[in-house]
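Undergrad: Chains as they are written, first to last, in UniProt numbering: chain U, 1 to 226; chain D, 1 to 167; chain S, 1 to 159; chain Y, 1 to 344.
Careful: at least some of the hints might be erroneous.
What the hints assert, rightly or not - Straight-line alpha carbon distances no greater than 30 Å define the calculated DSS-like cross-link-like pairs of lysine-lysine that follow:
#1 S:83 / U:120
#2 U:205 / S:154
#3 Y:344 / Y:281
Stated by the list, open to error - Some but not every residue of chain Y turned toward chain U, in silico, with C-beta under 7 Å:
#4 62
#5 63
#6 65
#7 66
#8 67
#9 97
If you're looking for bench data, these hints aren't it; they were derived computationally from the structure.
The beta carbon of each residue, even a glycine, is placed where N, CA and C say it ideally should be.
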Amino acid sequence: MWGSGILKGLGITFKHLWERKITEQYPEERPKLYPRFRGRLMLNPEKCIVCGMCVKSCPNNVLSFTEARLKESKKKVLTSYTIDHQYCMFCNLCVEACPTNGLYFSHDFEWAAFKREDIKTVYEPDLTGLELLALEEGEKKSAEKEAEDKLLKGVNAMIAAIKKNPARALSKVVESEEEALKLSEILGDDESKIKKLAELMVSDKEKAAKVAKAFLIKGQKKEQEG
Amino acid sequence: MQLSDLVFYALAAFTIIAALGVVALPNIVHSALCLVLTFIGVAGIYFYLGADFIGLIQILAYAGAISVLMIFAVMLLLSRDVSESNPSHKKGKYLAALFSGLFAFLLALSIYSTSWDLTEGAEIVDSIGKIAYMLMGDYVIAFEAAAILLLAAVIGAVILARGEEKR
Amino acid sequence: MVLDHDVRMLEKNNIIVTTLEKIWNWGRAHSFWPLSYGCNCCPIEMMASGAARFDIARYGYEVFRASPRQADLLIVAGPVTVKMKPVVQRVYLQMPEPKWVLAMGNCAISGGPFKDGYSVLPGCDTFLPVDVYVPGCPPRPEALFHGLLELKAKVLGQR
Amino acid sequence: MKGAETFFVDLARAIVNGLENMGMSALGAEIILLIIKFACIAGIVTVNIIILIWLERKISGFIQLRLGPNRLGPWGVFQTIADAIKLLTKEDIIPSQTDKIIFRTAPIVFIIISLMLYVVLPFGDGMAIVDLNLGVLYFISVGSLGTIALLMAGWGSNNKWSLLGAMRSVAQMISYEIPLVFSLLAVVMIAGSLNMSDIVNAQDKIWFVFLQPVAFITYFIAATAELNRGPFDMPEAEQELTAGAYTEYSGMRWALFFLAEYTNLFAVSALTAIMFFGGFKGPFLPSWLWLPIKAYIIMLVFFWLKWTLPRIRMDHLMAFSWKVLIPVTLANLVVTGCVLHFLK
């Protein structure tokens with residue numbers, strides 16, 4: 001009352017005016033970091049056994065690597081390991097998943113960059129002197145086949161979708177629902193046309209849109225002629 | 001022509017141009033700001049005549065407070081486009097010309113009929129003291145009456161602003 | 001034209017030769033006034049950087065302006081959503097030249113954990129000319145200072 | 001010592017004499033001297049304000065247990081110079097929807113008005129630029145014109161925050177002008193003059209702050225509000241109004257407003273020193289050093305208040321002026337009048 005609170009406040013600030021300042025002057029004084037501080041994520045490539053656990057555990061697709069096999073022992077070795085820090089949220093899951101403690105959080109926090117690409121860390125272990133086995137033909141083939149299978153599956157699903165509900169499925173490639181309906185009329189029961197369009201819709205949407213437009217224009221011409 | 005005459009003509013020209021601005025400008029906010037300039041010009045003429053107290057009061061009360069209140073009122077009440085907010089009234093222009101002509105005639109008449117006695121070398125010093133003695137001495141009744149009038153106005157404004165009390 | 005070694009000779013004799021550009025850059029580099037803008041956790045670190053222990057005021061960057069007209073530095077601290085994009089863009093355009101942009105935290109750099117979301121932009125550099133990226137989630141106040149000092153060096157032409 | 005005391009007065013006289021010897025009329029010499037005085041004031045004020053802003057940033061840091069600017073030069077003294085250079089070279093934005101003439105003139109009007117305040121301040125014995133008879137009244141009436149500049153800025157910007165900020169500041173300044181004038185009136189009644197030098201001379205024996213403690217407190221509160229400084233910085237409350245009347249201003253135009261605010265601050269501090277703390281009177285040092293010293297100490301108190309107290313609410317602010325300050329100052333006036341009457 002009567003300003004006694006104000007006077008008290010003024011007294012406190014006046015006291016603080018003369019107190020020792022608690023500022024840490026950053027570039028000269030280093031901050032005291034605790035052991036479990038999570039700075040930049042780092043990899044010790046020597047410890048890596050290329051098990052891929054880290055990649056599987058990462059919720060954000062931060063980590064990726066490429067591997068090869070040694071010619072003699074057939075042991076997996078790391079050819080490159082990329083940590084794309086810009087997606088990292090420092091959740092520690094990869095560090096926990098790593099069976100050899102090869103991944104760890106360093107205490108480095110000064111990594112401001114002028115370019116977005118510079119935020120990435122790429123490890124490329126020195127592999128000179130080691131004879132690497134080229135990827136076996138069979139493995140390569142199986143990978144290709146897998147991709148093909150995936151594509152086929154997608155195309156089949158798309159064809160089914162078009163047959164079931166053409167307006168909804170086709171409206172992804174044309175502008176309006178009316179056009180989609182028209183397109184489905186034009187396509188009719190022509191399996192080959194539907195397949196062609198579905199393949200394009202799965203692999204290349206822009207091309208699919210162009211083809212759909214072409215179909216539409218053709219259909220209109222036919223109508224006019226008819 | 002002396003230097004002091006030059007000052008007077010400059011002040012008079014400034015005041016008249018600002019006053020014309022008040023009448024002629026299409027934007028009413030510009031008009032109000034011109035009114036401030038007019039007040040300052042009039043205050044300058046007061047200074048020139050040696051009535052520095054009146055001049056300062058002119059600035060304090062008119063330029064500093066009343067014109068601000070006017071701008072306030074304009075801003076609060078104006079809901080139209082401001083750039084055309086000060087329309088010229090062409091309807092009554094002949095009537096206006098007649099009345100302003102009459103007023104000018106009256107002014108000229110009174111100027112002509114005044115004898116304009118000149119007092120040589122009587123410099124006005126301490127105008128504020130003289131004004132104070134006059135207000136509190138000879139004209140005390142008028143002064144108090146004005147005070148009571150203003151008080152009544154203030155009370156009325158307060159009552160209007162409060163509105164009816166709900167019971 | 002004054003050659004480099006001439007300049008060095010003059011500086012040896014205590015005559016400082018400079019250009020207006022250098023003086024201007026000196027002034028600009030030492031007074032980034034940031035715009036108060038942020039979403040949630042990076043701004044907490046930003047506030048901490050203004051507080052006693054870290055004290056951004058030591059560099060003279062503590063004048064957080066609320067109006068973009070008086071700010072020099074847009075610290076994008078948080079993910080920019082599709083809906084927020086026009087607002088940030090407008091705020092950036094309202095700032096007077098010369099102006100800088102600092103992307104603070106992984107959300108601002110790349111969208112971070114929200115990068116696959118339908119409503120979040122994959123990084124504020126999709127529509128802003130970002131000068132410095134400060135990674136972290138959120139970055140420490142010192143990391144922000146490091147980014148600011150890097151930006152200072154960039155403005156001074158040292159980097 | 002004697003030479004130091006009258007150094008500036010002698011200098012002015014020497015300039016006038018020199019000009020008259022060169023064949024100039026007395027009036028012409030006076031006018032040239034006036035121009036020199038104004039230029040000196042403008043220069044001193046600008047340099048002063050660069051120091052002031054640095055001081056405020058430093059003190060606010062110290063109060064919050066921080067260090068404040070300390071990178072540029074010793075203790076960061078060049079910080080404000082860097083800021084000034086930056087503001088000078090910033091783009092000058094004039095938004096397309098503004099009232100261009102008003103928008104451009106508002107900062108100039110504001111800075112001119114705040115510089116005009118210095119005309120009547122006696123910086124030392126016989127060192128006022130113009131020793132007006134009605135000095136105090138002049139100070140108040142010219143100071144009241146500042147509201148118009150703010151209103152122009154707020155209106156010209158064509159921005160709702162600007163207009164709201166301008167309205168707030170005008171309402172605040174007009175309300176607090178009344179207790180300010182009434183508090184000063186009590187001092188004027190004791191001194192028996194509106195001339196600032198006379199008021200200072202009347203404080204030969206005792207400072208008016210001891211004779212008029214109530215008036216001093218009300219004056220100080222009203223002056224803080226009049227300067228739009230914290231805890232009364234409602235007009236630019238950035239959490240609510242972005243930057244109040246200055247929202248649309250950038251670069252040098254904004255800097256002019258900022259400069260004018262600090263110019264006002266120094267002028268009002270000097271007025272406080274003159275009215276309540278014996279102005280340029282003081283022992284040992286020459287008189288023209290005492291006023292800046294006292295003004296600086298008062299300014300530190302302003303800083304101290306700003307960095308201690310939180311901003312108060314607008315309706316509380318207005319109610320405090322009309323319901324507390326004005327009745328108190330009126331009562332103080334009546335009591336002062338009665339005491340003076342019976343003492344005579």
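Undergrad: Each hint: holds or not?
TA: Right, here's what the structure says about each hint:
| no. | hint | result |
| --- | --- | --- |
| 1 | S:83 / U:120 | 29 Å, holds |
| 2 | U:205 / S:154 | 42 Å, violated |
| 3 | Y:344 / Y:281 | 26 Å, holds |
| 4 | 62 | 5 Å, holds |
| 5 | 63 | 5 Å, holds |
| 6 | 65 | 5 Å, holds |
| 7 | 66 | 5 Å, holds |
| 8 | 67 | 5 Å, holds |
| 9 | 97 | 37 Å, violated |
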